[in-house]
Amino acid sequence: GAGVSQSPSNKVTEKGKDVELRCDPISGHTALYWYRQSLGQGLEFLIYFQGNSAPDKSGLPSDRFSAERTGGSVSTLTIQRTQQEDSAVYLCASSHPTGVEQYFGPGTRLTVT
Amino acid sequence: AQSVTQPDIHITVSEGASLELRCNYSYGATPYLFWYVQSPGQGLQLLLKYFSGDTLVQGIKGFEAEFKRSQSSFNLRKPSVHWSDAAEYFCAVGTGTASKLTFGTGTRLQVTL
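In the order they appear, the protein sequences are chains A and B.
Under the numbering used here, the first sequence has 23 at position 23, and the numbering climbs by one with no breaks.
Under the numbering used here, the second sequence has 41 at position 41, and the numbering climbs by one with no breaks.
Next up, chain A with everything else stripped away, as it sits in the complex (with noise of 0.2 Å):
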């Protein structure tokens, strides 16, 4: 596609609930990078993968937090046992090989109620 895609756009689900985030980034770019913003931290970044391995995982606020990426492309984000906390919008963003610049997806806003 012309740039990242992530669904779904919005998400409410109830606390306890597992979620998951899908993010499609941009043929061709094989890093691929998970970020949040929230009112009260701002934009924290959560893990990168260059291809299908996270090298940098630092982000991750807790082990209810992972995320995978296969085939070198569409990388999926996942929240077990929602919080309130959790509640943010999940922005993903791509690079090219070469490239310094990351390209940001629209987000997927979580409400956890």
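For the record, the hints were derived by calculation from the structure and aren't laboratory data.
Using N, Cα and C, we set each Cβ at its ideal position, and we do this for glycine too.
Careful: at least some of the hints might be erroneous.
[To be verified] Listed next, the stretches of chain A that the computed footprint assigns to chain B, with coverage defined by at least 3 CB atoms under 8 Å from CB atoms of chain B: (1) 31 to 43; (2) 47 to 57; (3) 98 to 112.
[Stated by the list, open to error] Some chain B residues near chain A, calculated using beta-carbon distances under 10 Å: (4) Y36; (5) L44; (6) T97; (7) S99; (8) T102; (9) G106.
[What the hints assert, rightly or not] Computed spacing ranges between beta-carbons, pair by pair: (10) B:E66 <-> A:P61: 32 to 38 Å; (11) B:R22 <-> A:S62: 32 to 38 Å; (12) B:E66 <-> A:K17: 45 to 51 Å; (13) B:I9 <-> A:R64: 27 to 33 Å; (14) A:R81 <-> B:D54: 48 to 54 Å; (15) B:I11 <-> A:L39: 17 to 23 Å; (16) B:S18 <-> A:E68: 43 to 49 Å; (17) B:S72 <-> A:L39: 26 to 32 Å; (18) B:T30 <-> A:G3: 26 to 32 Å; (19) B:T105 <-> A:Q50: 26 to 32 Å; (20) A:N10 <-> B:I9: 25 to 31 Å; (21) B:Q45 <-> A:E68: 26 to 32 Å; (22) B:T30 <-> A:L39: 29 to 35 Å; (23) A:S53 <-> B:S84: 37 to 43 Å.
We have chain A already, so just place chain B on it with the hints.
Using the frame of chain A, we list chain B on its own:
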């Protein structure tokens, strides 16, 4: 670890007036610097980037930014603001190719007619 400070949380300017948004960074080596813009409900759009060469960089939508190593600054400027420029602006620092970005807290720009 790198960090970014955007001292102005909210700025209001009149349409047609000039604009300068401040950004200060902290990083021991030569940083990779970016400005992104976010309109309500949208993802982040890259305005411009700097990582080497000419310290005055031009971006999209008539924006420019100047890297000043001595001041650890990367301020964003526009000579004449348009009402459509109203949005939130984020400064970010990276450490190289395929590295996470560290964002400032953002500056919300309001444009009065």
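Self-check item: Unmet hints by their number, sorted upward, for this structure
Solution: none
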